[in-house]
Amino acid sequence: MTRSDFEHIALQLRPLMLRVALDFFGSADDAEDVTQEAQLALWRYCERIDPARNIKGLAVRVTKNCCVSWHRRSAFIATVPDGSPSGPASAFSPSPHELLEAQDAQALLTEALARLKPRERELFEMRQLEGLTLDEITHLTDIAKPSVKSMISAARKKLLTDLKQRLRQ
Amino acid sequence: MNTQDIQSLIDRYLAGETSNDEERRLALALYEAAEATDEPLPDDWQAVLLMLGELTLGESLYDDILARRSHTLSAESLSMQNVSAGSTSSKNRRLRVWRWAAAIALVFATSLGIAFYQSKTSQRTVASASTNNGTSEYHQWDTPVSPVRQPDANSHINEHDQSHESTQSVASGNANRRKRKAVQPMSKPSSAELPAPPQEEGAEESLLAAAEAELQKGDVLYQALSPDDDPYAAIEAAMRDIRSRGERVEAMVAEITRPY
Numbered sequence: 000m001t002r003s004d005f006e007h008i009a010l011q012l013r014p015l016m017l018r019v020a021l022d023f024f025g026s027a028d029d030a031e032d033v034t035q036e037a038q039l040a041l042w043r044y045c046e047r048i049d050p051a052r053n054i055k056g057l058a059v060r061v062t063k064n065c066c067v068s069w070h071r072r073s074a075f076i077a078t079v080p081d082g083s084p085s086g087p088a089s090a091f092s093p094s095p096h097e098l099l100e101a102q103d104a105q106a107l108l109t110e111a112l113a114r115l116k117p118r119e120r121e122l123f124e125m126r127q128l129e130g131l132t133l134d135e136i137t138h139l140t141d142i143a144k145p146s147v148k149s150m151i152s153a154a155r156k157k158l159l160t161d162l163k164q165r166l167r168q
Numbered sequence: 000m001n002t003q004d005i006q007s008l009i010d011r012y013l014a015g016e017t018s019n020d021e022e023r024r025l026a027l028a029l030y031e032a033a034e035a036t037d038e039p040l041p042d043d044w045q046a047v048l049l050m051l052g053e054l055t056l057g058e059s060l061y062d063d064i065l066a067r068r069s070h071t072l073s074a075e076s077l078s079m080q081n082v083s084a085g086s087t088s089s090k091n092r093r094l095r096v097w098r099w100a101a102a103i104a105l106v107f108a109t110s111l112g113i114a115f116y117q118s119k120t121s122q123r124t125v126a127s128a129s130t131n132n133g134t135s136e137y138h139q140w141d142t143p144v145s146p147v148r149q150p151d152a153n154s155h156i157n158e159h160d161q162s163h164e165s166t167q168s169v170a171s172g173n174a175n176r177r178k179r180k181a182v183q184p185m186s187k188p189s190s191a192e193l194p195a196p197p198q199e200e201g202a203e204e205s206l207l208a209a210a211e212a213e214l215q216k217g218d219v220l221y222q223a224l225s226p227d228d229d230p231y232a233a234i235e236a237a238m239r240d241i242r243s244r245g246e247r248v249e250a251m252v253a254e255i256t257r258p259y
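Residue numbers (numbering that gives the first Met the number 0), protein chains in the order written: chain A, 0 to 168; chain B, 0 to 259.
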């Protein structure tokens, strides 16, 4: 999906993402901010999104993730005394070590995914990223449900073995 | 969720048998296990947490936060309901007490009013009796209203007839006075006290005259039985007198009934 395509879809996704954020915060201002943050995350990821897929599930999951991040940040601001020299936002930001560990873990997963067969990677991403059920994947891919289940299981086991080896190194 | 539950969920996850909800619960359990200890998680668990991804973990945290918040809200609303229910029950209790107090006060005031009215009534009765000295007004205060006192035609007839009889003759006046005394003004007149038909007035007068004569005889007997005289002698004299009267009557009867 190109970024221009995403800009058209983003207008359609916005009410749904705003409702998810409003259910969580109850405040229109916070929900607006979180929706913008979630749309920014999707915009960065949009070139990896298949335009034929249903993007609504992914948008909801990304919005929920942004809501949790925003909530953690707000909770941390509430616990930090006023007049802190470093500032709440910077204080909440992960340490460089934690940031490096997270980047390494993401890189490990990306490399492990790259070593999967294309069909296995596709089914795994449909299940993990988009949150589709086996029946929905069966409906979208026209693959039998037992086959979908066995391919997803094989992909997970391969990833587990690969990630365990990488984590031990 | 303990270690065994987490491990069984991981096995099912790797077999592709878990649902979206179970995968979210697994991600949350692994995240909480990592947060609970400073030691790193086993490699299997770390790898599964990576595979589940940030999105699954964020979604599970989102649901967890909302569930806790709704639980807190429901607990607060429950406590508020309890507080409001407690205040309502205390209000109802106070209202019930006031109702009872009002009812008791009403009964007390009513009894006081009745007692005051009765005392006033008795005072007025005594005052009326003392001023009228037993006249008909005194009787009007004390006499209860009863259906017997209702005026009827027979009582008027009786009174009218009695006044008529009292003017007829001097001989029957005493008997009439005795009859008036015997008749109770409050009672309903009986059939014997009703006025006799006009054609029987002559017979009634003769009967009254006979009764008067017998009374005079009684007076003679009473006079004969005065305590100053000898009772036996008086009785014998009275018997003689009666006997002589009887003889005279027999002679008169024989004279009357003698055939011509």
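Errors might be hidden in some of the hints.
Simulated restraints on C-beta separations [claimed, not checked]: (1) E6/A - D62/B: 26 to 32 Å; (2) Q80/B - E110/A: 32 to 38 Å; (3) T132/A - M79/B: 35 to 41 Å; (4) T1/A - N81/B: 56 to 62 Å; (5) E97/A - S76/B: 34 to 40 Å; (6) L10/A - M79/B: 24 to 30 Å; (7) E34/B - T132/A: 45 to 51 Å; (8) E6/A - M79/B: 43 to 49 Å.
Over 12 Å on every C-beta distance to chain A, these chain B residues come out as not near it, computed from the model [to be verified]: (9) S7; (10) A14; (11) S18; (12) T36; (13) E38; (14) D43; (15) D63; (16) F115; (17) R123; (18) L207; (19) A212; (20) E235; (21) A236; (22) R244; (23) E246; (24) A250.
Hints were generated in silico from the structure; no laboratory data involved.
Small disclaimer: the values here were computed from a predicted structure and weren't measured.
Glycine is no exception: its CB is placed at the ideal position from the N, C-alpha and C atoms.
We went through each hint and held it up to the structure:
1. E6/A - D62/B: 26 to 32 Å: Between E6/A and D62/B, where Cβ atoms are some 30 Å apart, the hint holds.
2. Q80/B - E110/A: 32 to 38 Å: With a Cβ separation near 56 Å, Q80/B and E110/A fall outside 32 to 38 Å, so the hint is violated.
3. T132/A - M79/B: 35 to 41 Å: holds, 40 Å
4. T1/A - N81/B: 56 to 62 Å: Distance hint for T1/A, N81/B holds at roughly 58 Å.
5. E97/A - S76/B: 34 to 40 Å: holds, 39 Å
6. L10/A - M79/B: 24 to 30 Å: violated, 42 Å
7. E34/B - T132/A: 45 to 51 Å: violated, 29 Å
8. E6/A - M79/B: 43 to 49 Å: For M79/B against E6/A, whose Cβ atoms are near 47 Å apart, the range 43 to 49 Å holds.
9. S7: holds, 15 Å
10. A14: Non-interface label on A14/B violated, nearest chain A Cβ at 5 Å vs cutoff 12 Å.
11. S18: The claim breaks: S18/B does not keep its Cβ more than 12 Å from every Cβ of chain A (closest is about 7 Å).
12. T36: About 16 Å separates T36/B from the closest Cβ of chain A, which puts it past 12 Å; holds.
13. E38: holds, 15 Å
14. D43: Since the minimum Cβ distance to chain A is about 7 Å, D43/B lies within 12 Å and the statement is violated.
15. D63: violated, 9 Å
16. F115: F115/B is indeed farther than 12 Å from all Cβ atoms of chain A, at 69 Å.
17. R123: holds, 81 Å
18. L207: holds, 119 Å
19. A212: holds, 126 Å
20. E235: Holds, because the least Cβ-Cβ distance between E235/B and chain A comes to about 137 Å, which exceeds 12 Å.
21. A236: Nearest chain A Cβ is 136 Å from A236/B, so the label holds.
22. R244: holds, 135 Å
23. E246: holds, 141 Å
24. A250: At about 143 Å from chain A, A250/B clears the 12 Å cut-off, so the statement holds.
Violated hints, listed in ascending order, are 2, 6, 7, 10, 11, 14 and 15; each of the other numbered hints is respected by the structure.
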